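Asker: Here is what each chain is made of, one letter per residue.
2 protein chains.
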Amino acid sequence: MKDNNDMPGHLARRFQQIAVAVFLAEVGEAGFDLTPVQYAALATIKANPGLDQITLAGLIAYDRTTITGVVDRLVQKGLVERRASPRDRRARELEITDEGRRTLRKITPAVESAQAIMLRGLSAKEGEELMRLLRKAIAAGNELSRAPLRDIKA
Amino acid sequence: MKDNNDMPGHLARRFQQIAVAVFLAEVGEAGFDLTPVQYAALATIKANPGLDQITLAGLIAYDRTTITGVVDRLVQKGLVERRASPRDRRARELEITDEGRRTLRKITPAVESAQAIMLRGLSAKEGEELMRLLRKAIAAGNELSRAPLRDIKA
DNA sequence: TACTGATAGTCAGTATACTGATTAATATTG
DNA sequence: CAATATTAATCAGTATACTGACTATCAGTA
Numbered sequence: 001m002k003d004n005n006d007m008p009g010h011l012a013r014r015f016q017q018i019a020v021a022v023f024l025a026e027v028g029e030a031g032f033d034l035t036p037v038q039y040a041a042l043a044t045i046k047a048n049p050g051l052d053q054i055t056l057a058g059l060i061a062y063d064r065t066t067i068t069g070v071v072d073r074l075v076q077k078g079l080v081e082r083r084a085s086p087r088d089r090r091a092r093e094l095e096i097t098d099e100g101r102r103t104l105r106k107i108t109p110a111v112e113s114a115q116a117i118m119l120r121g122l123s124a125k126e127g128e129e130l131m132r133l134l135r136k137a138i139a140a141g142n143e144l145s146r147a148p149l150r151d152i153k154a
Numbered sequence: 001m002k003d004n005n006d007m008p009g010h011l012a013r014r015f016q017q018i019a020v021a022v023f024l025a026e027v028g029e030a031g032f033d034l035t036p037v038q039y040a041a042l043a044t045i046k047a048n049p050g051l052d053q054i055t056l057a058g059l060i061a062y063d064r065t066t067i068t069g070v071v072d073r074l075v076q077k078g079l080v081e082r083r084a085s086p087r088d089r090r091a092r093e094l095e096i097t098d099e100g101r102r103t104l105r106k107i108t109p110a111v112e113s114a115q116a117i118m119l120r121g122l123s124a125k126e127g128e129e130l131m132r133l134l135r136k137a138i139a140a141g142n143e144l145s146r147a148p149l150r151d152i153k154a
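Protein sequence lines, in the order shown, are assigned to chains A and B.
Read in order, the letters of the first sequence are residues 1 to 154 in our numbering.
Read in order, the letters of the second sequence are residues 1 to 154 in our numbering.
Derived by calculation from the structure, the hints in this document are not laboratory data.
The structure presented is a predicted model; accordingly, all values stated were derived computationally and were not measured.
Keep in mind that a hint or two might mislead.
Stretches of chain A that chain B covers, calculated by requiring three or more beta carbons in the stretch to come under 8 angstroms of a beta carbon on chain B [stated by the list, open to error]:
| id | region |
| --- | --- |
| 1 | 18-27 |
| 2 | 64-72 |
| 3 | 84-92 |
Below, in silico cross-link-like pairs of lysine-lysine (PhoX-like), each with a Cα-Cα straight-line distance of 25 angstroms or less [claimed, not checked]:
| id | chain 1 | residue 1 | chain 2 | residue 2 |
| --- | --- | --- | --- | --- |
| 4 | B | 46 | A | 136 |
| 5 | A | 46 | A | 77 |
| 6 | B | 106 | B | 136 |
| 7 | A | 106 | A | 77 |
| 8 | B | 136 | B | 125 |
| 9 | A | 125 | B | 77 |
| 10 | B | 77 | A | 136 |
| 11 | B | 106 | B | 46 |
| 12 | A | 125 | B | 46 |
| 13 | A | 125 | A | 136 |
| 14 | A | 46 | A | 106 |
| 15 | B | 125 | B | 106 |
Just the calculated beta-carbon pair ranges, DEER-fashion [stated by the list, open to error]:
| id | chain 1 | residue 1 | chain 2 | residue 2 | range |
| --- | --- | --- | --- | --- | --- |
| 16 | A | 72 | B | 135 | 51 to 57 angstroms |
| 17 | B | 143 | A | 78 | 32 to 38 angstroms |
| 18 | A | 126 | B | 143 | 36 to 42 angstroms |
Note that CB positions come from ideal geometry on N, CA and C, so glycine has one too.
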């Protein structure tokens, strides 16, 4: 009888569960109220000023229907501005605000410490190897989810 | 600047996302409508007849507030029976039904093939190593989430 | 036994994630 | 250029996950 511990799917779920908990704990202790998903979106908006929501979704592999709510909350917190694109009236352009920039800067130590904590059972070498294997498995499975990772359209 | 691909948290999320998509696709193709979470719960109920919801939650590391809904849906699908415990009037005992047993049996090939597909980018050795590292990281972080893995109380 | 604390389960509320549909606008093509 | 297809975004609906509160019950102790 196959145990849960032999199921990569179960291990994936469990590791993610811990990763989220650690992230929220570290960030919360630093005095911020930002989820992992919101953080990734905010950082990506900062790195790609003026991008639209579909591009944002592709860069972090979120579903397009999920991104709407995530951006809603970032806007509501005053960290991001959303405005109609002048080039394509279907699209919304996203821009980080000064407040968003400030938050991102101040939150970084907590985010980094969270990444360390979630690997605390592993040696540095093992942590690297885990990330390598995850990247490899993810690359092979990229097209299997509804929200694959996408490059910026040239 | 740290990339998403260097963040174990992001990789965890992405791998889990693919794992769920693959599971649902395989199981759906086999003609069943069962989520990974429901599958794990069902298998655990079968292996531990008469267990209560808190014990079930501990065995698969689900939050106790999540398990309520999961069991609701299993009961509604006729796969599980929930009844008051005679020993403890707070608790509910869970039992798999014949229909649940049948479903579990018929769904197994799809579940196994899903586990293989989500590792298809890795060699057998790499897949084993990924699972080992995940298990190790999870063990070290077990207490960090609200829903840690728990043994059955002796 | 009465009091205190712990436990099983649920509920309301919020956030991710998806399916599938819809609207509005843009792109493509006959 | 008119018909068609595609695309950006949103919406309604469902399923995990969690926080924090609450009820009912049980267990331990003064």
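Asker: Against the structure shown, which of the earlier numbered hints fail to hold, in ascending order?
Answerer: 2, 3, 4, 6, 9, 10, 12, 15, 16 and 18
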